[in-house]
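Residue 596 in our numbering sits at position 138 of the sequence shown, with consecutive numbering throughout.
Just so you know, the hints here were simulated from the structure itself, not pulled from any lab data. What you are looking at is a predicted structure, and each value in this text was computed from that prediction instead of being measured. Think of the CB as a built atom: it goes at the ideal place given N, C-alpha and C, for glycine as much as any other residue. It cannot be assumed that every hint is accurate.
[Unchecked claim] Using C-beta positions, here's what the derived DEER-type ranges look like:
#	residue 1	residue 2	range
1	Met-637	Ile-913	30 to 38 Å
2	Gln-845	Leu-782	23 to 31 Å
3	Ala-914	Tyr-878	38 to 46 Å
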Amino acid sequence: MPELDDAMPQRGQHDLVNRSIRAVIWSYIGGISRIVAQLLIQVWLARVLGPAVFGQFAAVLVVIGFGWLVADCGFGAALIQKKDISEADISFALGWILVLSLASASVVMLLAPFLAGAIGDPSLAAPFIACGPIIAIQAVSNLSVSLMRRNLDAKRDQIIHVLAYVIGFGGVAVGLAMMEMGVWSLVIGFLVQTLIILLASYWIIRHTLRPTLRGDAQLGIFGLGVLGTNLANQAIVSVDRFLIGRIWGIPALGNYSAASNLSQVPIGLLVNSFQTVVFSSASQVQDDPVRLRQGYSAILTLASLVTFPLAAGLALKADFIVHLLYGDKWTEAGPLFAAFCVALPFSAMLAISGPMLWAVGAVYKEFRVQILVVATLAAGLLMLSDQPISVAVWFITLVYFLRFVLIYLGLASRINLRHYDAIRALAGGLALAAVVMVVDWVTGLAIPAHQQGQIAWVSAQIFLMGLACIAMVRMMPTRLFGITLSRQLLDRTSDSRFASVLCSLLGLKPH
Numbered sequence: 459m460p461e462l463d464d465a466m467p468q469r470g471q472h473d474l475v476n477r478s479i480r481a482v483i484w485s486y487i488g489g490i491s492r493i494v495a496q497l498l499i500q501v502w503l504a505r506v507l508g509p510a511v512f513g514q515f516a517a518v519l520v521v522i523g524f525g526w527l528v529a530d531c532g533f534g535a536a537l538i539q540k541k542d543i544s545e546a547d548i549s550f551a552l553g554w555i556l557v558l559s560l561a562s563a564s565v566v567m568l569l570a571p572f573l574a575g576a577i578g579d580p581s582l583a584a585p586f587i588a589c590g591p592i593i594a595i596q597a598v599s600n601l602s603v604s605l606m607r608r609n610l611d612a613k614r615d616q617i618i619h620v621l622a623y624v625i626g627f628g629g630v631a632v633g634l635a636m637m638e639m640g641v642w643s644l645v646i647g648f649l650v651q652t653l654i655i656l657l658a659s660y661w662i663i664r665h666t667l668r669p670t671l672r673g674d675a676q677l678g679i680f681g682l683g684v685l686g687t688n689l690a691n692q693a694i695v696s697v698d699r700f701l702i703g704r705i706w707g708i709p710a711l712g713n714y715s716a717a718s719n720l721s722q723v724p725i726g727l728l729v730n731s732f733q734t735v736v737f738s739s740a741s742q743v744q745d746d747p748v749r750l751r752q753g754y755s756a757i758l759t760l761a762s763l764v765t766f767p768l769a770a771g772l773a774l775k776a777d778f779i780v781h782l783l784y785g786d787k788w789t790e791a792g793p794l795f796a797a798f799c800v801a802l803p804f805s806a807m808l809a810i811s812g813p814m815l816w817a818v819g820a821v822y823k824e825f826r827v828q829i830l831v832v833a834t835l836a837a838g839l840l841m842l843s844d845q846p847i848s849v850a851v852w853f854i855t856l857v858y859f860l861r862f863v864l865i866y867l868g869l870a871s872r873i874n875l876r877h878y879d880a881i882r883a884l885a886g887g888l889a890l891a892a893v894v895m896v897v898d899w900v901t902g903l904a905i906p907a908h909q910q911g912q913i914a915w916v917s918a919q920i921f922l923m924g925l926a927c928i929a930m931v932r933m934m935p936t937r938l939f940g941i942t943l944s945r946q947l948l949d950r951t952s953d954s955r956f957a958s959v960l961c962s963l964l965g966l967k968p969h
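Using the sequences and the accompanying hints, generate a full structural model.
Structure representation (structure tokens):
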């Protein structure tokens with residue numbers, strides 16, 4: 459099994475760094491491709507299908523999300539985290555994934571009418587039944603995908619997922635939407651995407667197909683910890699959707715889901731690129747707290763520099779962006795999008811901090827935090843049930859902040875990270891966000907009231923925001939990037955043309 463053999467040898471620190479950097483680069487290439495595809499396809503589907511259908515599909519994704527997590531039972535993450543794996547480990551994982559897939563799919567199909575009634579839309583019973591086979595296929599496909607990610611094979615991983623999305627949603631779902639098939643166009647598109655990922659990932663990683671229910675108990679124990687944390691994560695993502703659909707209605711859920719999805723498009727590039735690579739790389743140096751602290755500080759700094767100014771700009775122009783992309787049907791999604799944009803940095807940094815906890819074997823710490831957050835989120839939304847959804851959504855922003863703080867505290871204690879270093883890592887991004895807000899306020903004073911919101915003026919404001927951020931980075935690169943990240947980028951200039959060009963553009967110079 460040459461593909462697995464490549465993943466298991468200890469290649470040394472320099473080789474690990476090189477493979478991690480290549481993985482990040484390919485993750486960015488794939489992320490950019492996926493962002494473009496998602497924007498074009500989702501905007502078209504949103505304009506054609508409207509909020510109600512999007513609300514129904516959001517409910518379908520809740521069911522699929524819980525079902526496939528139970529079916530996978532954390533075995534994919536366990537295979538990535540374990541230092542050395544064997545064919546027996548893969549057989550053990552496959553055996554339990556098959557058993558749990560069958561059980562999970564069966565339960566979902568049996569409970570489909572009850573679930574549809576609980577969310578307030580009985581017509582969803584049939585789509586919920588269709589979730590059964592999708593759950594099983596997705597869980598099995600995650601085994602091959604996890605083995606690719608263990609090997610930091612981001613190039614083929616990204617190609618597979620981008621092509622699967624384009625074919626499933628850009629081809630099948632768009633075609634069925636034109637035939638007025640409503641939510642079924644999205645459900646069938648998701649099924650096609652999942653099938654493509656299953657077949658393509660197994661074609662690359664030809665792992666054993668001999669399942670067994672006996673194997674390394676530690677693999678299962680770690681997987682259960684991941685399962686608990688993932689279920690809590692999914693509950694945080696899903697409990698709001700369930701309650702919003704139940705309390706405020708399916709069209710409100712459609713607006714909420716569209717706003718949430720749109721806010722994740724720009725940050726998805728950073729999060730998805732780093733999340734997989736962070737977990738895989740950190741797992742291989744999990745016994746070296748110094749390198750873990752340096753790596754986490756550098757990634758936190760980069761995430762801050764990107765997300766805080768981006769979030770500020772998007773939140774300030776939320777209504778304009780939603781109307782421009784989705785049209786008049788989606789005006790109620792504008793305020794929701796603004797709230798999600800404010801939560802965007804905390805969501806990104808949480809997505810980085812969580813895998814770091816997993817890598818050092820502290821997955822149960824995150825699980826305890828997530829249980830607390832789920833309870834807080836549900837209680838808060840129930841208390842706000844008499845308020846408009848545009849008000850209640852800000853409580854969700856507060857919950858994102860709470861989650862990040864609690865997960866960060868657990869990680870900091872585990873790797874002995876000083877809070878001062880974390881604050882320094884966030885300072886640069888907060889400074890750039892302040893620049894964005896000042897530019898928006900100053901330029902807003904110069905724009906005539908009757909021309910506010912016109913494309914030309916908003917485009918000029920966005921351009922000036924970006925220009926001001928670039929100028930500030932060029933003026934004080936080391937202060938904004940921090941010593942750790944600056945040194946790591948400069949160290950790469952001798953053997954990486956990309957790093958050399960990047961440092962030159964940022965104004966980073968060796969001292």
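Inset, instruction - State, for the Cβ atoms of Gln-845 and Leu-782, whether the hinted interval 23 to 31 Å holds or is violated. - result: Cβ of Gln-845 to Cβ of Leu-782: about 28 Å, so the range 23 to 31 Å holds.
Inset, instruction - With 38 to 46 Å as the target window, see if Ala-914 and Tyr-878 comply at their CB atoms. - result: About 45 Å separates the Cβ atoms of Ala-914 and Tyr-878, which means 38 to 46 Å holds.
Inset, instruction - Note whether the CB distance of Met-637 and Ile-913 lies within 30 to 38 Å or breaks it. - result: Taking Cβ atoms as reference, Met-637 and Ile-913 lie about 33 Å apart, which means the hint holds.
Against the hints set out earlier in the document, no violation occurs for any number.
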